[in-house]
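Colleague: If you read the sequence shown in my numbering, its first letter stands for residue 7, the second for the next number, and so on.
Watch out, some of these pointers could steer you wrong.
Have a look at the derived ranges for each label pair, beta carbon to beta carbon [unchecked claim]:
(1) R168 with I373: 17 to 27 angstroms
(2) V440 with E147: 11 to 21 angstroms
(3) R242 with L381: 36 to 46 angstroms
(4) D523 with E435: 18 to 28 angstroms
Below, simulated BS3-like cross-link-like pairs (lysine-lysine); rule was C-alpha separation at most 25 angstroms, straight line [as the list claims (entries may be wrong)]:
(5) K238 with K292
(6) K238 with K300
(7) K169 with K410
(8) K410 with K150
(9) K278 with K292
(10) K322 with K178
(11) K410 with K432
(12) K178 with K238
(13) K238 with K350
Bear in mind the hints are in silico, worked out from the structure with no lab data behind them. Since the structure is predicted, the reported quantities are computational estimates derived from the model, not experimental observations. For glycine and all other residues, C-beta sits at the position ideal for the given N, C-alpha and C.
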Amino acid sequence: MARPSGRIIKNPFMSLTPSPRSLTQLFSVSPPITSLFSSKKTSPSLSIFILSFLFSFTFLGISIFRFFPSSQDSIHCSIISPTTSPISSHPLPSSYSQIILTSLLSGINSDNKIQPRIGGTAMVPLPVHLVSGNLSEEETEFWKQPDSNGYRPCLDSTVGYRKRSAKISKEKNRFLVVVAAGGLNQQKNQIIDAVVIARILEAALVLPVLQVNMIWEDESEFPDIFDVEHFKKTLRADVRVVSSLPSSHLVAKQTIVTQIPYGVSPFWIRAKFFKQLNQEGVLVLKGLDSKLSKNLPSDLQKLRCKVAFHALRFSKPILQVGNQLARRMWIEGPYISLHLRLEKDVWVRTGCRTGLGPEYDQIITQIQKTQPQYLTGRVNMSYSQRRLSGLCPLNAFEMARLLKALGAPQSGRFYIAGGEPFGGSKALEPLAAVFPNLVRKEMLARDGELSPFLNSSSALSAIDYIVSFNSDIFIPSHGGNMGRALQGHRAYMGHRKSIRPNKRTMLPFFEDSSISDEEFSSIIRSLHNKSMKPEPRKKQRDNDVIAYPVPECMCRHGSGIF
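Make the full structure from the sequences, and use the hints.
Modeller: Next up, the structure:
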């Protein structure tokens, strides 16, 4: 990851600089040494000894500190040759290198050492690994991180926005209540829109209500998934957030709005609801998913990023477990996170085939017939048409071919994010046959760590999110909400490599048996070069600033960058 050069301008929302206190703890002076300084009489020989000792200690401290860089630096590591020094490519005796690695990394597993950090209000990922060793040209290119092109977060608002904030942030008469439905990342999108709509309507926002998920039977509430106090504190200059309606606004009849067109503008929102909200004091909105336009004024786009990347921090229990699992993956070296959408409900909703054979496809077809309300795929298209249009998730076989063509090493370590695959272990067999080092959260977790979250699909999804956020490379099998959220979040925090499968373009080549493996790999790599670089958001209906934070929420120059 590129290191910032020149003058560092502090952002009120984020800081990546280690605190002086943490550095003091890292290089704390032991009592025997402090006792030497407290002596009133010291012999010349002892003074020389003390000075030489301090010089050596300082040099050693600087060396150790340089070995553990900040979150913007790279960690030298080799996954190809276990006898390669982490600092150079010269081979070392196996026992010697193991002693060095053990001594240097002995404390990293503890909670007070290297881990995902919260810089200001933003979650900061673990350092990326600089992979070295006996790599092929394709593998070297695969692990290479993209150039940030100098883009860094910038969320400075206009003078007019800040002037209006003084009044809006203290609002006590108008209240917005929002009911967020769907899975975790779908709910996050609606919460983000809820904050923006509250700002547009100059209303206080009641803590969003998470609707019970009928598919996953998840009854989690906002405080179960997100840090409430952090959410309020981060947004206090933009919108007043309250935990519940005041008693003065608890009326017997409340207007609940469920029918909102797609892509409405701030002008539409204000014209439709402001007068009503002034009269009634309370407005309840349901079904907000994708209803607010993706093309908003600059201040509101920055507010969306502030909510997504700063305010919506996961609750402490989720963060603790997610960070622990991320460290366990990270400490072993670089890893790739695959968000595989192989769950039964995904196949039902998309109307796609599982790749597991007629027996499994028949089960999905039967569910679609008996519960057609769950089918969200284009019903006027055949399976083949949907697949070639890029509307189906990649199955395990297709993902294996994609990874191999992109240059992923067979020895690479893969974290598998997502729910239980339909078909169990059989669903992953084509992938495991080529890339055997597949790890799931259930394998990383120790006894009892996941127990508090087993009845919450949202919490488990949040843990997957954290581990994927910290990975060296992230690849989703389907362009869903989590894939887009992580793509944008990783870009915002330093353009960590994310690869979006170009399914619509690449799948015809999967069917062409006349293409050699070498030619196929060359084609696949060329199709995905663009998706690995900072990509400015295009003002299209579905292009959200949360997935493409450049340029509205990231800039090359100016104030407010970290």
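Colleague: Hints numbered earlier in the text: which of these fail when held up against the supplied structure?
Modeller: 1, 7, 10 and 13
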